[in-house]
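Number of protein chains: 2
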Amino acid sequence: MKYIRYLIMFTLSALCGAATDVTTVEKWGVFELEFKGPAEGNPFLEVRFGAVFTDGASTVVVPGFYDGDGVYKVRFSPGSTGDWRYETKSNRWELTGKLGKFTATPPGSGNHGPVHVQNTFHFAYADGTPFKQIGTTIYNWTDTPEELQEETLRTLAAAPFNKARMLLTPQPTPYQNRFSPARWPYAGSPPHAWDYARFNPDYFRHIDARVVQLRELGIEADVILFNPYGKFGFETMDAAGDERYVRYVVARLGAYRNIWWSLANEYDFLRTKTDDDWNRLGTLVQQCDPHQHLRSIHNGSIIFDHNKPWITHVSMQNGAAVEEPGRAEMYRGVWRKPVVYDEVKYEGVTQYRWGNLTGQEMVHRFWSGTVAGTYVGHGDYFSTVTEDTWTSFGGKLSGQSAPRLAFLRTILEQSPAQGIDPIDKWQEVNTGGVPGLYYLTYFGHSTPTEWSLKLFKNGVSDGQRYQAEIIDTWAMTITPVEGEFVTKKLDNYHYVDVAGRVVKLSGKPGIAVRVRRIGQDGKPAANVLPND
Amino acid sequence: MKYIRYLIMFTLSALCGAATDVTTVEKWGVFELEFKGPAEGNPFLEVRFGAVFTDGASTVVVPGFYDGDGVYKVRFSPGSTGDWRYETKSNRWELTGKLGKFTATPPGSGNHGPVHVQNTFHFAYADGTPFKQIGTTIYNWTDTPEELQEETLRTLAAAPFNKARMLLTPQPTPYQNRFSPARWPYAGSPPHAWDYARFNPDYFRHIDARVVQLRELGIEADVILFNPYGKFGFETMDAAGDERYVRYVVARLGAYRNIWWSLANEYDFLRTKTDDDWNRLGTLVQQCDPHQHLRSIHNGSIIFDHNKPWITHVSMQNGAAVEEPGRAEMYRGVWRKPVVYDEVKYEGVTQYRWGNLTGQEMVHRFWSGTVAGTYVGHGDYFSTVTEDTWTSFGGKLSGQSAPRLAFLRTILEQSPAQGIDPIDKWQEVNTGGVPGLYYLTYFGHSTPTEWSLKLFKNGVSDGQRYQAEIIDTWAMTITPVEGEFVTKKLDNYHYVDVAGRVVKLSGKPGIAVRVRRIGQDGKPAANVLPND
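Sequence lines, in order, name chains A and B.
With the working numbering applied, the first sequence corresponds to residues 1 to 532, in that order.
With the working numbering applied, the second sequence corresponds to residues 1 to 532, in that order.
Hints may be right or wrong, so weigh each one.
To be verified - Which stretches of chain B does chain A cover? Using the computed rule of at least three CB atoms under 8 Å from a CB of chain A, they are: (1) 298-309; (2) 420-428.
To be verified - Covered stretches of chain A, going by a simulated chain B footprint (3 or more residues, C-beta under 8 Å): (3) 293-305; (4) 313-323; (5) 424-436.
To be clear, the hints were calculated from the coordinates, so they are not data collected in a lab.
Since we're looking at a predicted model, the values are computed, not measured.
For glycine and all other residues, C-beta sits at the position ideal for the given N, C-alpha and C.
Looking at chain A on its own, in the form it has when it is part of the complex (with noise of 0.2 Å):
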C-alpha cells in the first residue's frame, strides 16, 4: 500500500510539460519505459520507481520494476487510443521526473485486448469479444530445457487451448533428477540458500519471454502465484517476502494483455498460509495491478470462499463435479461468479487415481461443464515413472481429447456471444443456451436411441421456427436433422413441435443435439434474436 501511496502523493502538474519522447504502440500492447539508475545496495529494496500515465480522461498509478545492472522498466498497457503522457515517480531524483508521451495505435490483428468477465458467468476480451474457455495445465514448463520448451510452444500452436496454467516458482518432480532448472527466482543457489530480498532478474525476463510468446499463440497465461510444492522455500517466505513477491510479478507481468494472476495452486495444502493470508495477497493483487487482471484461487479439498471481492471468478479442483451437467451448475449459483473448473482429474494412466481419465471421459467432462453454463481444463498425464508428463512439463500431448476439444471450442465458437447458460436450472440439467434463440442438450453417458424436441417455456411462443443438428461429441461430426421444427405450448411448462417429429438417434454415448432458431432470412440465428 505503502508504495502505490507513494506515488500518487506527486502533483501531475508536470505532465503539461514538454514531453522528451515519443513512439507509438498498440492499445492493449505494451509501452515499456526503461531507465538507468543506481546499482549500488540493493535496489529490490530500496528503490521505488513507478510512472504516472495519462490521456487526459484516465489517469493510472503504474508501479516500476528493478531488472538488474541499473535498469529500471515500467510496462504500461494503454485501454485507450490517442496520446498519452507519462511522468515518472521515484524516490530517487534520477529516476524522478522523467516526462514523455506516446500514441496508442489501434489493435492489430488477433489484438482483442485483456479478458474480464462478461454476464455475471462468462468472460469476453476488452473489445466485446466473447472468450470461451479452454484450458490446459503445463505446471513447470518454463523450468524445462530449452529444448522441450520449444516444442511445447509448437504443441501449443497446434492445439486447441486458449489457456494455460503454469507454476511461476518450481517444483521438483522425478523428471527433475534429469536437469536442473537453468534459472531460479532468487538470488542464491537450490535448494533453500536463496536472498529473498533480491529476484533474479534474468528469471523473470525467461518468463516474461514465455508469456509473450503464449499470447501470440492466443493463450492467456493463467500464472500461479504460490504453489505448495516447491520445497525451495518460495512458499514459505515471511509476509514481507510475500508482498514484496507479489509486487515485483504484478509490476513484471501485469502489461502483459493475455495474464490471468491465480494466486494459488491447492491453496489448502500449504498449511503456512491461512485464509487470511490469501484474502491480504490477493487483495494485494488487486490493488496493485493497475490492469485489473483476473483473479482467482484454486483449491486443494478444502473450497475457498469465492465470494470474496478480490475473487473475479472461481478456478476449482473437484473431477466429480462435472461428471455430470448437474453437478456442474451448482457452484456457479453459489458465487454468481464464472466457474471454471481448472482441475477434473487429468487424461492419462498413472499411479494417481487423479491422473487415470481416459479420453472419451475428459471429452465429457468438458461437454458436462459447458452445458452448465461453466468452463473446464485438460491436462494430460501419461507416466507412472518420471512424471514427465505434458501436465508437468509440457512437450507433446500423449492424450486422445484434444482434437475433440478443438471440436468443442468450434462449437463454443459458434455459440451464442453472450454465453451459455442453464435453460431451466436445477429442472432440465443437461440442456444449456440462450432462451429462445439457441439450444445445446447433452446426453453424457446415457445412450438414448430417439430425440424430439421440447423447450422450457421461456422465451419460447406458438409458431416459432428451428432447425436441430446431432452432433457426435467423440466422432466430431455435426448431422443436420433434415426439415425444420415449429414450436406449439404443451403445458405450463413446456413447448413441442407441432408436427410431433421425432428423430433417431445413434445409441452412441456423448451425444449433443444442437438446436438453433431459424431466422427470417431462413439460416440458424446464433447472436442476435431473429425477428419474429
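Based on these hints, arrange chain B on the given structure of chain A.
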C-alpha cells in the same frame, strides 16, 4: 440495539439484595415473569422492559415483551442448573428493579435442551444427544380452524418428523376461501388495515401454545419470520416495523428450547428487500436472542451467501441437489456448515412440478442427502384445486414416504453420534459414515445384483472385522449378511474382504448396505471405536 444497550446500562448491584419470589424450573425449561404495568398510550412502542438473570457464573440480558392489557412478561430458559437471580429493567419505574430468584432443576425426561451445530456439519441437543434431522413442512397450520390444528398435532404425534417448518404470518391460498384465520398478528383488519405498531397478543399467545405442543412432541419449530406470499403487508413493512417485529417475536418465543429461526422463506421472491436488509435483520436476530437459537435463510432460486456469520446452517431449496449424493455433498463443502435440504419438491399430485414427487422419490432424496452428510425436509402436497394439503395446512398425510422416513430415522438413531460424513469425497459419492467404524452405502436408482466390501483406506488397516446388512429403504427391511468380513489391503486407496466374499442383492432400486466394525464383544460398533 438501543433496547439491549439500555438494559445493559443498569448495574447488577441490586441483585445482591433480597429476592421477592422463589420457584423452580427445569434447566432448558421456561421461566416466565409477569408484571402489571402501564396500559395507556402504545406500550409496544413506549415501554422498554426486560430482565437480567445471573447464576453467578453467567449473566444473561433477556428482553421482555408486552402481552396486552397492561401485562408485561419476560421469558428465560436457564442453560444450567442451580440458583438464578434476576432484576427487571425498564424505562418505567413501576417495572424496574423487581428482584427475585428461582432454582433451575435437572432437565426432565425428553428435555435435551436446544439444538445447536456440532462437528461442523451436524446438529446436537445441548445435552450432547445427536439431533438427526427428519424435517417436514406445514406452512400455515396455525391459521386453520382449531379442529384441523388438533388433527395436525395428532398426525405429527404418529409421524417421524423432528422438525417442522412453519410461517409466522398468514398467506392467502384458495383453501382459505373456506375460512378466515381466527387471529391476525397485528391490530386492525384484513387484508391491509394494520397498525404495525400494535401487535395482537392473542395471535402470538396462540403461536406460543402451538410451539409448546410441538416441543412436547419432540419437534423443533423452524419458525419462518418473513415470507413473500402474504400480500397482507407483513412482508413490506418499513425498516422500523421489521425490527420491531423481529424483536417482539424473539422476545416472545426465544425461551422455548425447540425454536429455530428461519429468517425468510424464498427470500429472493420478496423483491422489496435486499441482501443487505436480510443481513441486517439476521444480525438483529443474532444480537437480540439471548438463547442463541439456530438461524438460517431459505432461498427460492437465488442462493444466499451462507458464509455470513449470523447464519448457523444452510436451509436450501434445490430438489435437483438431492437427486443423487454427489450433488448433495457440493453445497456442504462450500460453506462448511450443516446443510438442510428443506425443500426438495414435495411428494404429491398437483399441477405444479414442484409438488409431483412419488413417495419413492421423496424417500430416495432423503437417503441421497443422508449418505452425503446432509439433512432433508419432507413435504406432502396432494391437491390440485384447493391446496388444502399437509404442507400448506396440516391435517392428514396423504403420501407414502412417512413410514419410510420413520425407518430412516431409526437407522440414523443407530448411526454414530458424530454424524455421517462422506468417506471419500469427490470419489465414491454413495458412501457416508465414519472411517474405520461405520459405512452406509446407498445405491439409489441403480439396481446392482451383488455387492462386495471395498473400503477407502482412511481408518482401515489389515485384519479389521466388519458386519454387513442389506437395507431395503422402501420395504423397510434390514437383512444381516451372515458371517464377518475381514479387511486386507487392495491397493494405494482401498481395502477389501480377505475372502473376497460377494453378496447377492435383490436388484431392486433403493437398496443400501450398512457396514459396521465389530468390536471386541463381537457386536457391531456404533458410536465408539472398538479397541483393536
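Each hint, compared with the structure:
With a cut-off of 8 Å between beta carbons, the segment 298-309 of chain B has 5 residues touching chain A; three or more are needed, and the interface restraint holds. Closer than 8 Å: that is the beta-carbon criterion, and the segment 420-428 of chain B has 3 residues meeting it against chain A, so the requirement of 3 holds. Residues of the segment 293-305 of chain A lying with their CB closer than 8 Å to a CB of chain B number 4, which satisfies the three-residue condition for coverage. Only residues whose beta carbon comes within less than 8 Å of a beta carbon in chain B count, and the segment 313-323 of chain A has 5; three or more means the coverage holds.
Figure legend: the segment 424-436 of chain A, annotated as covered by chain B; annotation consistent (4 residues with Cβ-Cβ distances under 8 Å, at least 3 required).
Checked against the numbered hints above, the structure breaks none of them.
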